[in-house]
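All chains, please: the whole structure from these sequences, using the hints.
Residue numbers (our numbering), protein chains in the order written: chain A, 1 to 112; chain B, 1001 to 1114.
The set of hints was computed from the structure by calculation and includes no laboratory data.
Fair warning: there could be bad hints in the mix.
Claimed, not checked - So the derived list for chain A, only partly shown, Cβ under 8 Å to chain B, looks like this:
no., residue
1, Glu42
2, Leu46
3, Gln99
4, Gly103
5, Thr104
In this text, all values refer to a predicted model and were calculated from it rather than measured experimentally.
Cβ coordinates follow ideal geometry from the N, Cα and C atoms, glycine included.
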Amino acid sequence: GNSVTQMEGPVTLSEEAFLTINCTYTATGYPSLFWYVQYPGEGLQLLLKATKADDKGSNKGFEATYRKETTSFHLEKGSVQVSDSAVYFCALWQVTGNQFYFGTGTSLTVIP
Amino acid sequence: DAGITQSPRHKVTETGTPVTLRCHQTENHRYMYWYRQDPGHGLRLIHYSYGVKDTDKGEVSDGYSVSRSKTEDFLLTLESATSSQTSVYFCAISESTGGPETQYFGPGTRLLVL
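Here's what the structure looks like:
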C-alpha cells in the first residue's frame, strides 16, 4: 500500500537556523511527492513538489529532492524565519484513483 | 487563491444529530475531496468525487455520506454524529489532466460533537 512517514514534532528552531524535516514513503509504482504547509487557522497550501526520481522541488527557500533509492523526500531550508512557523505535511500522489496520502505533519516553531 | 469556501466554519452539535457540511468552488475543477484532520493522524481522506454524481470512498468513510449534484458543490453528511467525528474537516479540489495535480484546500470547518 501507500503511506508517508515524517519525523515527529514539534520542532523549535532559532531564527536563521538550518531546517531539515525528514519524510520517507512507501508506494507501489512511481508516485509524485509533495510538501504542503499549513499556517495557523488556515487550510493547506502547496509548498513544492517533485514528479520523478532525482527531481528537486524548491520554493521560498525550501527545497526537497526525490530520492528513489532511499524512498525519501526530506524538506530543507538553509535559514528559517519566524514567518516559517507552521505545520508541514509530506504527501504522495498516485495516478491510480488520483488520491493523495499525507503524513501526520510536523509542527515548526521559529523563535527570534 | 483558488475559490473554495466551506460552510459553516464552526459548528457545535449533539451526538445523534445529522450534520451537513458544504464545500463550494468557483474553479470548475473536476475533482473534489473531503478530509478530516486529527492530531497524530494528519489528513485522512473521507470521500472524493470525480464528477457530478460520481463519488467514491476514502480511507475513513464509515459514518459519512457525500453528494455532488452540481460541479461546484460537494456536501458531506454525518447521518448521526458521534463524538469520534469531532474534527477539523477540509475540502480540496483538483483538476486532473492525467498527471500529478496540486490540490487546493478550503479554510476548514471545525466540528465539535458533544
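Give me the numbers of the hints this structure contradicts, sorted from smallest to largest. Checked against the structure, no hint fails, so every one of them is satisfied.
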